[in-house]
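Chains as they are written, first to last, in my numbering: chain A, 5 to 159; chain B, 5 to 159; chain C, 5 to 159.
Hint data in this document are derived by calculation from the structure and do not stem from the laboratory.
Any given hint could be a false lead.
As the list claims (entries may be wrong) - Label pairs and their calculated CB-CB ranges: (1) Asp130/B x Gly129/C: 31 to 37 Å; (2) Thr65/A x Ala62/C: 27 to 33 Å; (3) Gly17/B x Ser8/C: 48 to 54 Å; (4) Ala52/B x Ala62/C: 35 to 41 Å; (5) Pro50/A x Leu146/B: 28 to 34 Å; (6) Ala15/C x Ser8/A: 45 to 51 Å; (7) Ser28/B x Glu11/A: 23 to 29 Å; (8) Gly17/B x Ala15/C: 54 to 60 Å.
Just so it is clear, the structure is predicted and the values come from calculations on it, not from any experiment.
Yeah, the Cβ is synthetic: ideal placement off N, Cα and C, and Gly gets one too.
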Amino acid sequence: MASSPEERLKALGITLPEWLAPVSGYVGILRTGNLLIVSGQLCYGPEAKLAAVGRLGAEVTIEQGRFAARCCAINVLGRVRSEIGSLDRVTCVLRLGGFLLTTWDFTDHAAVMIGATEVMTDVFGDAGSHARCTIGVASAPLGSTVQVDAMVEIA
Amino acid sequence: MASSPEERLKALGITLPEWLAPVSGYVGILRTGNLLIVSGQLCYGPEAKLAAVGRLGAEVTIEQGRFAARCCAINVLGRVRSEIGSLDRVTCVLRLGGFLLTTWDFTDHAAVMIGATEVMTDVFGDAGSHARCTIGVASAPLGSTVQVDAMVEIA
Amino acid sequence: MASSPEERLKALGITLPEWLAPVSGYVGILRTGNLLIVSGQLCYGPEAKLAAVGRLGAEVTIEQGRFAARCCAINVLGRVRSEIGSLDRVTCVLRLGGFLLTTWDFTDHAAVMIGATEVMTDVFGDAGSHARCTIGVASAPLGSTVQVDAMVEIA
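Please work from the sequences and hints to get the whole structure.
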């Protein structure tokens, strides 16, 4: 079995994005001591296009939402690697925040956010088991169906 | 007057839940150094049923919402005790996040979240005076009217 | 060029509020070690009135929202100075959370939150470049169009 996060990433066939969405005035990731604070990542997927736009419960299916959550998590990892060079320096994924664009009566947030959670546990193993809080939002930047922010601990 | 959080809890007649909602892939609480990060807790109350489902401003009254917020806070304490064995090891409740399922024109978030805040100040005294941010969400996991997450400092 | 945050604040003509919204049970700002956790600040502006009430995408324009976001950020700084005496002790603005009251199809969150971000970079320079997460909320305390919370590092 692959022994490091970077090796697991390769074994899983996950490619981290070369293109990271530019931000204005603020930063995509910030490091203080052994803590990384990752800004909210939209669900940019292949070809730097949003994987899903619109509301779960209406225009977007749970399957599409789960893939969008996966894309967000991969973008989180892209930010982490761009900041510290290698995912192998991560000691613990502390927390994910999940922000899902939904109709008011949508209730299956867990079935969507598992797409982000699985990326972390697949890549980091036990060190990827994070705390999490998922909510439904009324609107989202650029209409991104999913946004994920994170706190990550490094050695 | 009762002198420790565990004694105050008993004096207040608060019983922490034996049943904690299972989570998939992530963890209900995570510890790093002297910091506990508590995942979003839904308003499970007596008999492990959600205390309120639906929107403040429509199906759910402020009184019901306040009780639901109280249940969330008690579940936060349940997670804390399950992680560190005793609430007496808590030195400070740093922050609560409050996520209320509401109609778009609901404005009385403070009257609901006081239900969570009071649990912390009743149990921990000055050490329970936390920072807080409360918002209205468009949808919630399982329709839970209130969700509360937390950061807690321990000795 | 002005060399300290307090001097820049003066050069920018920004006056921090003397009136800070009272909170019930919790605290407006909390300090632990070299970390300040700032509670969600509503968009109180001149004369302690909310700068904007209602939804972006409907009753409130982007320009009004941007000003409201600026007010929130100034209130964050008011909390910081009230806690530690001088903004010159700030070493880094770690993170801003932006909570915008919007219609469900609003997508231009960045054009609003820049109003909060600019306050931080104008006052602190590079030390003001924070991580950020902005979402659309379904409802807000008192109908405040913008709410901003923060984490700030001090020496």
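Please test the hint of 27 to 33 Å on the beta carbon pair from Thr65/A and Ala62/C.
-> The hinted range 27 to 33 Å holds for Thr65/A and Ala62/C, with Cβ atoms some 28 Å apart.
Take a look at whether the Cβ-Cβ distance between Asp130/B and Gly129/C falls inside 31 to 37 Å.
-> 36 Å, holds
Kindly confirm whether 35 to 41 Å is satisfied by the beta carbon distance between Ala52/B and Ala62/C.
-> Since Ala52/B and Ala62/C have Cβ atoms about 40 Å apart, the given range 35 to 41 Å holds.
Distance restraint evaluation - Gly17/B, Ser8/C, Cβ atoms, bounds 48 to 54 Å | 53 Å, holds
Is it true that Ser28/B and Glu11/A lie within 23 to 29 Å of each other by Cβ?
-> At roughly 25 Å between Cβ atoms, Glu11/A and Ser28/B fall inside 23 to 29 Å, so the hint holds.
Outcome for the supplied range 54 to 60 Å, where the beta carbon pair is Gly17/B and Ala15/C | 57 Å, holds
28 to 34 Å as the expected CB spacing between Leu146/B and Pro50/A, which holds or is violated | Given range 28 to 34 Å: holds, Cβ gap about 32 Å.
Does the Cβ pair Ala15/C, Ser8/A satisfy 45 to 51 Å?
-> 50 Å, holds
Of the hints listed earlier, there is not a single one the structure fails to meet.
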